[in-house]
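J.: Listed below, chain by chain, are the residues.
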Amino acid sequence: MYNFSVSVMLNAAPFILAGVPVTLWISVAALAIGLMIGLPVGTLRALNLRALDLVLGLYVEFFRNTPVLVQIVWFYYVLPIIVRVNLSAVDAGILALGLNTSAYLAEIFRGGILGTAAGQSEAALSLGFTGVGTMRYVVLPQVTRKMLAPFVNQFVVLVKDSALVAYIGVLDIMHRGDVVTVQSSRPLEVYTMVAAAYFVLCFAASKLMRVIEVGFAIPQ
Amino acid sequence: MKSEESRVVLALRDVRKSFGAHRILDGVDLRVSRGEVVVVIGPSGSGKTTLLRCINLLAPIDHGNISVGGVTLTHVEDGLPISRVRGRELSRQRAEIGFVFQHFNLFPHLTALGNIALALRKVKGMSAREAEAYGRELLSWVGLSDKASAFPGHLSGGQQQRVAIVRSLAMKPRMMLFDEVTSALDPETIGEVLEVMQRLADDGMTMLVVTHEIGFARNVAGRVIFMDGGKIVEEGPPAAILGSPRQARTQAFLRCVLHEPSRRTHREVGS
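Chains as they are written, first to last, in numbering that gives the first Met the number 0: chain A, 0 to 219; chain B, 0 to 270.
Just so you know, the hints here were simulated from the structure itself, not pulled from any lab data.
Where a beta carbon is used, it is the ideal one built from N, C-alpha and C, also for glycine.
Among the hints, a few may not be true.
Over the 10 Å line for every Cβ pair with chain B, so calculated as not near, a few chain A residues [unchecked claim]:
#	residue
1	Gly118
2	Ser184
3	Gln219
Restraint ranges, calculated between C-beta atoms of paired labels, are given here [claimed, not checked]:
#	chain 1	residue 1	chain 2	residue 2	range
4	A	Phe61	B	Phe18	28 to 38 Å
5	B	Pro236	A	Phe215	20 to 30 Å
6	A	Gly168	B	Pro59	25 to 35 Å
7	A	Arg209	B	Gly44	17 to 27 Å
8	A	Asn47	B	Pro80	14 to 24 Å
9	B	His153	A	Val199	32 to 42 Å
10	B	Gly44	A	Ile81	31 to 41 Å
A few chain B residues that face chain A, going by a derived Cβ cut-off under 10 Å, partial list only [said to hold, decoys possible]:
#	residue
11	Phe103
12	Met125
13	Ser167
14	Leu257
Start from the sequences, fold in the hints, and give me the full structure.
T.: The structure is reproduced here in structure tokens:
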């Protein structure tokens, strides 16, 4: 009979929780990359420019149809062979997760723009806005606010997926759990602790953003 | 003759437009003079809305010529573009013509005042203070001073449409297009919108109005146009077109509109 030891958990806590900033940094940085690339890609795709759409469509589909873990490994081990840059494990993880997220955000954004555009664009154009002005002042401000919920969802996915960078040796929450487990042979306590840490991060993020979302909602 | 020419605000010559194999506009010729109120009636699918969209360059034409204030906006010969305004000039010309939509198309993320001020600031380059002052003036003109900070989602259909009218009016257009602006409204709010349109007409605004409100056509229009199958079938003074139409198609349409039970509640505006 395995007995659950609280003291094992408490002893392991400082080492495991030291991974929280690492996990958060990877998630936030990847989200930033995802937004920086996902927004323009989604906007361009909504404009439906034929040749460009083919390329961007390929980009999006590549990231959506291969496993994230494979993408992380690819950026860490394969990219240096092709372009001779050595990324640290953390940077490779951020890049892979960021590009992966950008593909999903691009699709969310494209859908949001297409759902908002028709009547709103015509109204803006008839008032004398240029195409760019219409996007900037009328369509995007609405889309961004409507997209807050899917963005948060994407961030939560990202925090959870970031555990995959343990595979390439990053000392995040998950990998620290592995280390302690090997040393202590107490997987029950350790991985429960790890799960709890992820749960608190994700749950807090979605609750916090729910508040922001309500504050930013377009009045109906 | 020269002065007569210069009074023409809008001129369309042989405008044609198809969607796929379906011809929506089949050679429309139309001139609207300064201060004139022209009401377009006709069955749905007769090309009325498309006509307005083409005039505001929201839809490209396949053939013909459209000019506003003597400036050719678009000239196409059998699908071949001869000349067309583009880029910033296109946007500038669009702003010369106001468009009021059936479903208002207010910007839901902005207040009533914000809706009016946005284009004043970003297109006309007014300061925020100027734009808001002018916006408030316009809101009070349509009796909505107390709704300046209300969002469209909190306004009735009639209130939203009045905001949409002054949002468009704020750009000081040469003429305004109205696309069935009361047909998405609850019956009790139709009157307040028609009343605003009547005041615009009284103030000398040049207007091209697509509507099913026969009462408005009778009392406010200087000229009524009946469209069917993408063509202008008949046009003339309201009394003639609405009272004693010559064409069988016009007669049939009017019989239909005037006797449809749900349409009996027409307000006789301005009578």
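J.: If a hint holds in the structure, say so; if it doesn't, say that too.
T.: Hint by hint, here is what the structure shows:
1. Gly118: violated (4 Å)
2. Ser184: holds (57 Å)
3. Gln219: violated (4 Å)
4. A:Phe61 with B:Phe18: 28 to 38 Å: holds (36 Å)
5. B:Pro236 with A:Phe215: 20 to 30 Å: Check failed, 53 Å falls outside 20 to 30 Å.
6. A:Gly168 with B:Pro59: 25 to 35 Å: Once the Cβ atoms are compared, 58 Å apart, the range 25 to 35 Å for B:Pro59 and A:Gly168 is violated.
7. A:Arg209 with B:Gly44: 17 to 27 Å: Taking Cβ atoms as reference, A:Arg209 and B:Gly44 lie about 46 Å apart, which means the hint is violated.
8. A:Asn47 with B:Pro80: 14 to 24 Å: holds (21 Å)
9. B:His153 with A:Val199: 32 to 42 Å: The hinted range 32 to 42 Å holds for B:His153 and A:Val199, with Cβ atoms some 38 Å apart.
10. B:Gly44 with A:Ile81: 31 to 41 Å: violated (58 Å)
11. Phe103: holds (8 Å)
12. Met125: violated (13 Å)
13. Ser167: With Cβ-Cβ at 7 Å, under 10 Å, it holds.
14. Leu257: Since the shortest Cβ distance to chain A is 31 Å, the answer is violated.
When held up to the earlier numbered hints, the structure conflicts with 1, 3, 5, 6, 7, 10, 12, 14 and fits the remainder.
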